[in-house]
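Student: Chain residues, written in single-letter form:
Protein chains: 6
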Amino acid sequence: MSEQKQNRLNTFRAHRSEMNDKIMDLDHLGIKRFFNLDSNAYNDGVLPVQTKELLGLVASTVLRCNDCIDYHLEQCAKTGSSKEEIIDALNIALTVGGSIVIPHLRHAVETLELLENEGVLD
Amino acid sequence: MSEQKQNRLNTFRAHRSEMNDKIMDLDHLGIKRFFNLDSNAYNDGVLPVQTKELLGLVASTVLRCNDCIDYHLEQCAKTGSSKEEIIDALNIALTVGGSIVIPHLRHAVETLELLENEGVLD
Amino acid sequence: MSEQKQNRLNTFRAHRSEMNDKIMDLDHLGIKRFFNLDSNAYNDGVLPVQTKELLGLVASTVLRCNDCIDYHLEQCAKTGSSKEEIIDALNIALTVGGSIVIPHLRHAVETLELLENEGVLD
Amino acid sequence: MSEQKQNRLNTFRAHRSEMNDKIMDLDHLGIKRFFNLDSNAYNDGVLPVQTKELLGLVASTVLRCNDCIDYHLEQCAKTGSSKEEIIDALNIALTVGGSIVIPHLRHAVETLELLENEGVLD
Amino acid sequence: MSEQKQNRLNTFRAHRSEMNDKIMDLDHLGIKRFFNLDSNAYNDGVLPVQTKELLGLVASTVLRCNDCIDYHLEQCAKTGSSKEEIIDALNIALTVGGSIVIPHLRHAVETLELLENEGVLD
Amino acid sequence: MSEQKQNRLNTFRAHRSEMNDKIMDLDHLGIKRFFNLDSNAYNDGVLPVQTKELLGLVASTVLRCNDCIDYHLEQCAKTGSSKEEIIDALNIALTVGGSIVIPHLRHAVETLELLENEGVLD
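Chains as they are written, first to last, in our numbering: chain A, 1 to 122; chain B, 1 to 122; chain C, 1 to 122; chain D, 1 to 122; chain E, 1 to 122; chain F, 1 to 122.
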């Protein structure tokens, strides 16, 4: 895999982090509360965090957002889902969302490979 | 709860079943294969069927399809998810999909009540 | 088929016509031009009107709008598409749009039956 | 206008209110916070509430949610927008969202008539 | 901010302008009329152009189109909306559209910074 | 036209092919069956392949997926549609989907130019 691809995840992470900081600096109460609420939604609750991250991944995939897919793929890996479980969840997203999801499946499978190379995904 | 509301689920089930039969009778190979593939996606696999139904529910909710929500709510109940777990999954859908999801959350909570009345949901 | 179902198409047609008249009565230049442009898009042009109506049907189906589906199904029938051709077009919509399209496929197949009963579809 | 149509808004309001209460009774912290955040977003802030309700209306229309359209139409009327201003906002939604929005425009224009009959809209 | 980012807006503007010219050169009457209708929708009318551009921005954001967001952000700035007003409008879009909108909010906030650097936004 | 643009199609084709191979290597039965079903949907059937590719193009355009648009544009050209027919189909997509489709129309017109330069489109 080319170095350029390997850097894609790091570029995304840095941009996400930098822009989230700038969004917080806007100091808009509604936006800050939304970000807080969004983080909390994936904390352990009645459902375990591992399941919640799979739910976030499938929601992101059927809504076809690559940045959201990359974020949740990493969280899925970090919260204990195996590659096989992630692929099985992506199959649900493909079935529900149809062939229009396929370009995002290609993106997701590439990201999984990057996460494997980094050792984030076993 | 009014009798009319209680009958809503039965009307949906009967219409769904009748029309699915008519779709099969069209005898279009592609459509038949899609329906087969769709059923199989929710069978036990690497992920257990209970998790898969929660994934189907969240995908249906962010894509805002009441019929799909009703179908997966019943499957979630039948495959062992509790009301509290289903609500926690719907919270993920609400957070990802935003306030435009709220009318479908109202629909889902009404359906949960109907399923409780029927004894499908504990 | 129940009388109630048979009346569904007529209710839709009457409501569509009544409300379109009221929209024209609003006398908003932009809206009137949009309606005019929308009608013209399906006139014979480089592509024949029969093909254009199939395109409108598939677009309406993947975007999951039952009113739009009913309108284009009737136009498809009137511009010479057979039931088999319409079903083959709906299969493309199902494949592109996924299982979330299925409730709309059920609706479409019911409408096709109503159009057959009326003699609009051969 | 038939009595049935006139009752449509009241049925919607009663159902919305009843189900929102039941959602609060679920006592899910994330969902309760989301509802609170959603209400606050439309309060006077840097932008006046009248503009915010027009923004909510256009967002609801391009995302094609009739319940959301009905809610924001009433709020637009109550916060001082005239029928002509609301129609001009709906024209933006139609232009951005295309002909797939038209069935929702028909719904919106019918709701405006109901609000006029009630005296909510001047 | 890096020069690369600063150039992003100019690259978008040049590409948009070049391709719009090529689309006009196709000389398709329907497409030309649509472009004309689209421009006219944002002219002063019952609603002032400043409000219309905020409506266009929110519609573009909930439909998650970065090019449309960039275009309307520039128009919002040029028609007199302040950064604080634009952020308040984006909060409505975030609330309606949910966390799937966040990557587009990050994009929008970056674009606002570019417009400030150019002096387009005060 | 710059060399960079001309290479865009080849980069897409290579990435699509490489990632589709990797998806097949995942050996997930559901995903493999979906890909098979997706290919078969566009084979000659009741509707000719040329019409089916136009249907796939319009579905991809209203759902706003550039990769899908590029794929179907090439297939439309290869199955005998002229540039004028493709533009007329894209006009249907623009009318149904609205101005939010315009950035994808710009992309499509650029791709058509690339296909002309390659001699794929007459």
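It cannot be assumed that every hint is accurate.
Heads up, the list lumps identical chains together, so a pair's fine if it works in one copy or across two of them.
To be verified - Okay, derived cross-link-like pairs now, EDC-like style, lysine to aspartate or glutamate, Cα gap no bigger than 20 Å in a straight line:
#1 Lys5 - Asp67
#2 Lys5 - Glu85
#3 Lys78 - Glu118
#4 Lys22 - Asp44
#5 Lys5 - Asp21
#6 Lys32 - Glu116
#7 Lys83 - Asp21
#8 Lys78 - Glu3
#9 Lys78 - Asp25
#10 Lys5 - Asp38
#11 Lys22 - Asp122
Don't read these hints as lab results, they were simulated from the structure.
Student: List in ascending order the numbers of the hints, as given earlier, that are violated by the structure.
Tutor: 2, 4, 6, 8, 9, 10
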